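Chemist: Grab the two chains, each in its own frame, and use the hints to assemble them into the complex.
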Amino acid sequence: MRFDQYDPGDFYDELFVTQGQPRPEAALLTKRISSLSLEELHQRQQAAQTALFKLGVTFNVYSNNEGTERILPFDIIPRILPANEWDWIERGLKQRIYALNLFLSDIYGDQKIIKDGVIPAELIHSATGFLKPCLGLKPPEGIWCHITGTDLVRDRDGQWYVLEDNLRCPSGVSYVLENRRVMKSTFPMVFNRMAIRPVDDYAGKLLGTLLDLAPAGLPNPTVVVLTPGMYNSAYFEHSFLAQQMGVELVEGRDLVVADGYLQMRTTKGLSRVDVIYRRIDDDFIDPLVFRPDSLLGVPGLTEVYRAGRVAIANALGTGIADDKVIYAYVPQMIQYYLGEDQLLPNVPTYLCWEPDQLQHVLTNLDSLVVKAASESGGYGMLVGPHATPTQREEFADRIKAKPRNYIAQPTLCLSRVPTLFEDHFAGCHVDLRPYILYGKDDNIYVNPGGLTRVALRKGSLVVNSSQGGGSKDTWVVGHTLSQSQTQTQTQSQS
Amino acid sequence: MLSRVADSIYWLNRYVERAENIARFIDVNLNLLLDSPPGTQQQWNPVVLTTGDLALFKERYGEATAENVVQFLAFDAEYSNSIISCLKAARENARSVREIISSEMWEQVNTFYHQVKDASPAPQLAGLSEFFSEVKMSSHLFAGIMDATMSHNEGWHFGQLGRLIERADKTARILDVKYFILLPSVQDIGTTLDELQWIALLKSASGYEMYRKCQHRITPQEVAHFLLLDREFPRSVLFCLLQAEWSLHEISGTSTGRWTNPAERTLGRLRSELEFITIEEVIQGGLHEFLDQTQSRLNSVSEKIFETFFALEAV
Numbered sequence: 001m002r003f004d005q006y007d008p009g010d011f012y013d014e015l016f017v018t019q020g021q022p023r024p025e026a027a028l029l030t031k032r033i034s035s036l037s038l039e040e041l042h043q044r045q046q047a048a049q050t051a052l053f054k055l056g057v058t059f060n061v062y063s064n065n066e067g068t069e070r071i072l073p074f075d076i077i078p079r080i081l082p083a084n085e086w087d088w089i090e091r092g093l094k095q096r097i098y099a100l101n102l103f104l105s106d107i108y109g110d111q112k113i114i115k116d117g118v119i120p121a122e123l124i125h126s127a128t129g130f131l132k133p134c135l136g137l138k139p140p141e142g143i144w145c146h147i148t149g150t151d152l153v154r155d156r157d158g159q160w161y162v163l164e165d166n167l168r169c170p171s172g173v174s175y176v177l178e179n180r181r182v183m184k185s186t187f188p189m190v191f192n193r194m195a196i197r198p199v200d201d202y203a204g205k206l207l208g209t210l211l212d213l214a215p216a217g218l219p220n221p222t223v224v225v226l227t228p229g230m231y232n233s234a235y236f237e238h239s240f241l242a243q244q245m246g247v248e249l250v251e252g253r254d255l256v257v258a259d260g261y262l263q264m265r266t267t268k269g270l271s272r273v274d275v276i277y278r279r280i281d282d283d284f285i286d287p288l289v290f291r292p293d294s295l296l297g298v299p300g301l302t303e304v305y306r307a308g309r310v311a312i313a314n315a316l317g318t319g320i321a322d323d324k325v326i327y328a329y330v331p332q333m334i335q336y337y338l339g340e341d342q343l344l345p346n347v348p349t350y351l352c353w354e355p356d357q358l359q360h361v362l363t364n365l366d367s368l369v370v371k372a373a374s375e376s377g378g379y380g381m382l383v384g385p386h387a388t389p390t391q392r393e394e395f396a397d398r399i400k401a402k403p404r405n406y407i408a409q410p411t412l413c414l415s416r417v418p419t420l421f422e423d424h425f426a427g428c429h430v431d432l433r434p435y436i437l438y439g440k441d442d443n444i445y446v447n448p449g450g451l452t453r454v455a456l457r458k459g460s461l462v463v464n465s466s467q468g469g470g471s472k473d474t475w476v477v478g479h480t481l482s483q484s485q486t487q488t489q490t491q492s493q494s
Numbered sequence: 495m496l497s498r499v500a501d502s503i504y505w506l507n508r509y510v511e512r513a514e515n516i517a518r519f520i521d522v523n524l525n526l527l528l529d530s531p532p533g534t535q536q537q538w539n540p541v542v543l544t545t546g547d548l549a550l551f552k553e554r555y556g557e558a559t560a561e562n563v564v565q566f567l568a569f570d571a572e573y574s575n576s577i578i579s580c581l582k583a584a585r586e587n588a589r590s591v592r593e594i595i596s597s598e599m600w601e602q603v604n605t606f607y608h609q610v611k612d613a614s615p616a617p618q619l620a621g622l623s624e625f626f627s628e629v630k631m632s633s634h635l636f637a638g639i640m641d642a643t644m645s646h647n648e649g650w651h652f653g654q655l656g657r658l659i660e661r662a663d664k665t666a667r668i669l670d671v672k673y674f675i676l677l678p679s680v681q682d683i684g685t686t687l688d689e690l691q692w693i694a695l696l697k698s699a700s701g702y703e704m705y706r707k708c709q710h711r712i713t714p715q716e717v718a719h720f721l722l723l724d725r726e727f728p729r730s731v732l733f734c735l736l737q738a739e740w741s742l743h744e745i746s747g748t749s750t751g752r753w754t755n756p757a758e759r760t761l762g763r764l765r766s767e768l769e770f771i772t773i774e775e776v777i778q779g780g781l782h783e784f785l786d787q788t789q790s791r792l793n794s795v796s797e798k799i800f801e802t803f804f805a806l807e808a809v
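First to last, the protein sequences are chains A and B. When we follow my numbering, the leftmost residue of the first sequence carries the number 1, and every step to the right adds one. When we follow my numbering, the leftmost residue of the second sequence carries the number 495, and every step to the right adds one.
These are computed hints drawn from the structure, not numbers from a lab. It should be emphasised that the depicted structure is a prediction, and the values quoted were computed from it without experimental measurement. Any given hint could be a false lead.
Mimicking BS3-like on lysine-lysine, the simulated pairs with C-alpha atoms at most 27 Å apart in a straight line are [as the list claims (entries may be wrong)]:
hint, chain 1, residue 1, chain 2, residue 2
1, A, Lys132, A, Lys112
2, A, Lys184, A, Lys205
3, A, Lys205, A, Lys94
4, A, Lys138, A, Lys112
5, A, Lys54, B, Lys630
6, A, Lys268, B, Lys611
7, A, Lys138, A, Lys205
8, A, Lys54, B, Lys611
9, A, Lys94, A, Lys138
10, B, Lys582, A, Lys54
Next up, chain B with everything else stripped away, as it sits in the complex (with noise of 0.2 Å):
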C-alpha cells in the first residue's frame, strides 16, 4: 500500500477520534460543573490545559469563560486542534484516498464534517450537550461504518492504529482534568462532591455502567485502575494499546512478543509495562506524572510509526 495513502486512513482515524474525545473533554467538565455547588468558581482552564494548548488559549480568547472554552475547542477554525478543524482535516484525507476507503465512509465523514459546520457558530450553552453527544454518535458510526464496510486490510489496520493510538492518548487526559479539578481543593477527597465528579467523569468516557459491572464502589484509585489498565474495556488505555500492537502486527506480519520495526518496539514496550503495572504503584510515583509520561511516549511511537511506515526515503 502507498505510504500517503496509509498515512491519510491512519490520519483519517486519529482526527474523526480526536473530535470526538474534544467533545468529551467538554462535556465531562460541563457535568461536573452542573454537580458543584451553586457559588462554586467555574473552572475552565484545566480543559484547555489538557489540551496543551492554554497558551495559544490566553493570547486569543484571553479569559476562559464557558464561551471561550468552548468556542474556541469546538468552533475555532483557526486552532488546529478544535473538533471543526479535526472533522475538516478528517475529510480532507478522505477525500484523498476516496478510492481506498468505502463509499460509505467518505459520505459518513463528509455529514459529520458538515453537521459541525452548519452547528457554528456555538449554540445556546443549554443546546450544548446535546450537539457533544451528536459529535460522539456521528464518530461512532463512522467507526461502525469502517468496519463493516471496508475490507480489514493493510489500510483498515493502519486506520485503527489512527484511532486506537488517540484514544488512548485523549482517555489519559480525560483522566488528567479530573486531576485538576481536584488540585486546588484537596479538602473534598472522599467527598459525595468527590464521588459526583467521578461518576460525571466515567460517565464521559462512557465508562460509567461498565465499571459498575466489575466495581461496586467508586473509589479514584479503582476509577483510574479501569481507565487506564482495564483489559476488557474499550476506551482504557491498555485496551487500546493491546489492539493497536495487533493491528500494527498484522500490518508487518511480525508474530507478536517480536519486533522488526521502531514501531513495534516502541510499542510493545509501552504495552508490557501497563499489563505489568499495578494501580498502586502508579498512585504512588503520582497519577499525574504518570499519565503525562504516558502521554509522550504515545507521541514517540507515532513518531516512529511515522517513521517507520509513512516516511519512505529513496535510497
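Excised from the complex, chain A in its bound form (with noise of 0.2 Å):
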C-alpha cells in the first residue's frame, strides 16, 4: 500500500514534508510500509489489536455492569520524533517540572513568589487544588511531582506547546509499554534497522523512584500501588504496573492506620507500608480530612503522612498545579525560580479573571476555546469555533458569572500522522503525553517518546478514548548529539 496518494494537507505532518516526501527519520518507515499489501496491513493491524485484547490492555466502560472491556483503538503507523528534537523537548520538560516542582514546595511552604508578586495570592486561594491541611508540609526529599504526564501538542506551523501538566495522577503510561510490545512484533524488521530509542526500563525507573522515598534506614521498605479497585476506568494500568514492579496492588479497604503506621491487612496480620503510590485523587485519599464521604482513601493518612512515617507519590496537593489559571503562570514560575526563559512555550492564555482579557475573550468566543480552569479530560469545553451562536451564549453567561473558573485559548490546529483506513491512509490530528519521573537529587527522567494519542474520527481534534479517540506508538529515532549540538538546537527553536 502506497503513500501516493496521502496528501498531508495545509497541516504539520509528522510523517511528510509534502506529497510523497517522507521526513529522512520516516523515510524507512514508509518504504516498508508502502512494500506490504493493503491487506497485510490490515492484517497486522487486527492482529496488533488482538494482541493487545489478549494481554489485558483495556480500559472499563462504566455505564455498563457486566464490566465490558474494551481496548484503546490502536493503528499501527507510528508517530516518528528524531532524536536531536526529542532532546529539546526532553530538556523543556526537565526545566518545567523542575521549575513546578519548586513552585509546590514554596506555596506550600513560605509563598515567596506570591510575597513577591509574581503570582496574586487570591488565585492560589481560590483555586480548587490548593489543600490547606497541606501547608508546612516537607514530602521526602522536596519531591512533590514524581510522575507527570505532560500533555503536548504542536501547531501548524510545528511549534510545540505544553497544554496541560497533569501533576496529580496522569495515566496511560501502561499503553506506551504495551503498544510497543505489539508493535516490535508488528514491524520487527524496522525495528531492527531503525534506532529507536527503548521505553520498557520505564517501571524499574518508577519503582527506583518509589524505593528512594521511604523512610531512611529501612532494609526493604514495602512500596504499594493503591487504587480505586477494578471499577476504576484505569485499573489496567493500576494492576499492570504493580505487576510489572513486583509490588501489592492495594484498595483502601486494604489499608488501615495502627500503632501510628500505615498497615495493609494480610493472612499473617498487619503489615507495615513504607511507600504508596497512589492512583486516587487528593479529595478521596483520607476523609478525616478531605472528603468525608470518601470510602475509597484510608482514614487518618494524611497524619502518617505529615508525621514522615510513609511516603505518598505524588506529593499531596499537587492539583494546584494542575489548575488552568495556574497553569498560565509557569512562564513566569520559570523565570522567578530558576532566572531562565522557559524552553517549552504555553499556548497562548487569557485569563477571564482580568477585566480586560475577560473582555477579549467575550468578543473573540467564535475563534477561541474556553477551559474550566479546574476540569480536565475534554470536560466543561467550548470549542468556539465549533460551537453554535446559543452555545456560545450560554458558555459567556457562564464565563461572566465566575469568570476566575475560565481561561481560553486561540484554536490549534493539530499535527497530523497518516493513519491507515478500509483503504486508504488519511491524516489524523495527535497530541503527545511523556512521562516523567522526579528522583531524588533532583535527577529528573523522561521516557524516551510518550503516549501518541490520535483523533480516529476525521476530522476530529478531540483525542479523547471517550470520544473516538486512539492511540500510536511514539518513536524517537537517531541518536542523541552531542551537548553542543543540543544547546544551538535549543536556542534556534526558543
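Modeler: Spelled out as C-alpha cells, the structure:
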C-alpha cells in the first residue's frame, strides 16, 4: 500500500514534508509500509489489536454493569520524532517540572512567589486544587511531583506547546509500554534497522523513584500501588504497573492506620507500608481530612504522612499546579525560580479573571477554546469555532458569572500522522503525553517518546478515548546529538 | 499476602467449582430420568431442594419442570448461585487479582464466562447434556491451568482451599440428590432401576470407572463409602478434606496434627472424624442426616477461614 495518494494537506504532518516526500527519519518506515499490501497491513493491524486485547490492555466502560472491557483503538503507523528534536523537548520538560516542583514547595511553604508579587494570592486561594491541610508539608527529598504526564501539542507551523501539566495522577503509560511490545512484533524488520529508543525501563525507573522515598534506614521498604478498585477506568494500568514492579496492588479497604503507621491487612496480620504510589485523587484519599464521604481512602493517612512515616507519590496538594489559571503562570515561575526563559512555550492563554482579557475573550468567543480552570479530560470546554451561537451565549453567561473559573486559548490546529483506514491512509490529529519521573537529587527522567493519542474520527481534534480517540506508538529515532549541538538546536528553537 | 487478595483467589476457585457442580447436579438428574421407565413422574424438586433454595425457586418459577429448573440453576442471572452468576462472580474476583494470578487463568475464566453467557437463554433440552459437559471441561481446564501456570505459593493454596471445600460440599449434595429421588419409592431398592440410578450418580461425579476399579458390585453402601470416605478418589469428601487441610497447613506453616487457629482446628476435626468413621455407622445414623451435618460443618470451616485470614480487624 503506497503513500503516493496520501496528502498531508495544510497541516504539519509528523511523517511527511509534502505529498510523496517523507521526513528523513520516517523514510525507512514509509518504504517498508509501501512494500506491504493493504490486506497485509490490515492483517497486522488486526493481529496487534488482538494481542492488546489478550494482554488485557483494556479500559472499563463505566455505564455497563457487566464490566465490559474495550481496548483503546490502536493504529499501527507510528509517530516518529527525530532524536535532536526530542532532546530539546526533554530539556524543556525537565526545566518545567523542576520549576513546578519548586513552586509546590514554595506555595505550601513560605509562599515567596506570592510575597514577591509574581502570582496574586487570591488566585492561589481560589484554586480548588489548593489544599490547606498541606501547608507546611515537607515531603521526602523535597519532591512533590514524582510522576508527571505533560500534554504537548504541535501547531500548524510545527511549533510545540504545552497544553496541560497533569501533576496529579496522569494515566496512560501502560499503553506506551504495551503498544511498543506489540509494535515490535508488527514491524520487527524496521526495529532491526532503525535506532528507536527503548521505553521498557519505565517500570524499573518508577520503582526506583518510589523506593528512594522510603523513610531512611529501612532495609526492605514496602511499596504499594493504591487503586480506587477494579471499576475504575484505569484499573488495568494500576494492576499492570503493580505487576511490572512486583509490588502489592491495594485498595483503601486493605489499609489501616495502626500504631501510628500505615499498615495493610494480610493473611499473616498487619504489615507496614512505607511508600504509596497512589492513583486516587487528593479529595478521596483521607475522609478525616478531605471528603468525609469517601470510601476509597484511608482514615488517618494524612497524619501518618505528615509525620513522615509513609511517603506518597505524587504528594498531596499537587493538583494546584493543574489549575489552568496557575498553568498560565508557569513561564513566570520558570523566570522567578530559575532565572531562565521557558524552553517549551505555553499555549497563549487569556485569563477571564483579568477584566481586559475577559473582554477580549467575550468578543472573540467564535475563534477561541474556553476551558474550565479545574477540569480536565475535555470536560467543561467550549470549542468556539465548532459551537452554535446559542452555545456560545450560554457559555458567555457562565464565564461572566465566574470569571476566575475560565481561561481561553486560540484554537490550535494539531499536527497529523497518516493513519490506516479501510482502503487508504488519512491524516489524523495527534497530541503527545511524555511521562516524567522526578527522582532524588533532582534527577529527572523522561521516558523517550510518550503516549501519542490520535483523533480517529476524521477531522476531529478531540483525542480523548471517550470521544473516539485511539493511540499510536511513538518512536524517538536516531542517536543523541552531542551537548553543543543540542544547545544550538535549543537556541534556534527558543 | 493481602487478605483481600487471598479472599478473592479463594472465592474465584469456589465459584468455578460451584458452577461445575451445578452442572453435575442437573446432569445427574437428566441421566436418571432418561433411565427411568416411561410414565414415571419426573422429579426436579429434589435437585432444587439440595441447593437449599427451593422456597426462592417456588416463588419465582412455581412448578419444578425440567425447563424451569435448568433456567433457574444454569441461566438465571438474578439467582446468585446459578452457573451464570457463579461465573460472573468468579470473573469479577479474578479481575480484582489479575496481577497475582497468571494471565492464562484470567483468560480461561473470561472465556468460560462468555461461553455460558453466549449459551443463554437455555439451549434445547436435547443440547443440554453437551452444554453441561462443556461446563465441566472448562472448569477442569481452569484448575489445570492454575496448577500448571501459577506458582504453588500462598495464593495458590488459598485457591486450592476454596476449590476443595466447595467440592466436598457439593459431592455430599450430589449424594443427597439420590437420597431424595429414592425417598418416595423405597420398594425400588435393590432393583435394576436402583442400580442404574447409582451408576448414573457415579458417572455424574466422574466416579464410575474409578469405583469399578476398587469395587465389583454396585451397592448403595459401597457407593456412599466411595463418594464419602475414599482416600484416593479426588472428588470424595475425605480426599477433599485431606488436601484442603494440607493447603491450610502450608499457608500457616503449622505441622499437621496440630492447630494454631480455629480454621485448622475445625477442619482437622472434621477430617479426622471422616477418617475414622465407618460407612456402617454412617448408614445407621442416617445417610441424609450425616450429609446434612457434614455440609453445615463445612460451612463452619469456611467461616473460620474467613475469620482467621480475611476479616482482619485493626486492634
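Chemist: Now tell me, hint by hint, if it's right for this structure.
Modeler: Now for the hints, and whether the structure bears them out:
For a cut-off of 27 Å, the pair hint linking Lys132 of chain A to Lys112 of chain A stands: about 17 Å separates their Cα positions. Straight-line distance between C-alpha atoms of Lys184 of chain A and Lys205 of chain A comes to about 21 Å, which keeps the hinted pair within the 27 Å bound. Simply put, Lys205 of chain A and Lys94 of chain A have alpha-carbon atoms about 16 Å apart, close enough for the 27 Å limit, and the pair holds. Simply put, Lys138 of chain A and Lys112 of chain A have alpha-carbon atoms about 16 Å apart, close enough for the 27 Å limit, and the pair holds.
For the hint linking Lys54 of chain A to Lys630 of chain B, the alpha-carbon distance of about 24 Å falls within 27 Å, and the restraint holds. Only pairs whose Cα atoms come within 27 Å are accepted, and Lys268 of chain A paired with Lys611 of chain B is rejected, the gap being roughly 38 Å. Only pairs whose Cα atoms come within 27 Å are accepted, and Lys138 of chain A paired with Lys205 of chain A is accepted, the gap being roughly 23 Å. Our distance criterion of 27 Å between C-alpha atoms is met by Lys54 of chain A and Lys611 of chain B, whose separation comes to about 19 Å.
The straight-line distance between the Cα atoms of Lys94 of chain A and Lys138 of chain A is roughly 22 Å, inside the 27 Å bound, and the hint therefore holds. Straight-line distance between C-alpha atoms of Lys582 of chain B and Lys54 of chain A comes to about 19 Å, which keeps the hinted pair within the 27 Å bound.
The structure is inconsistent with hint 6 alone, although it conforms to all the rest.
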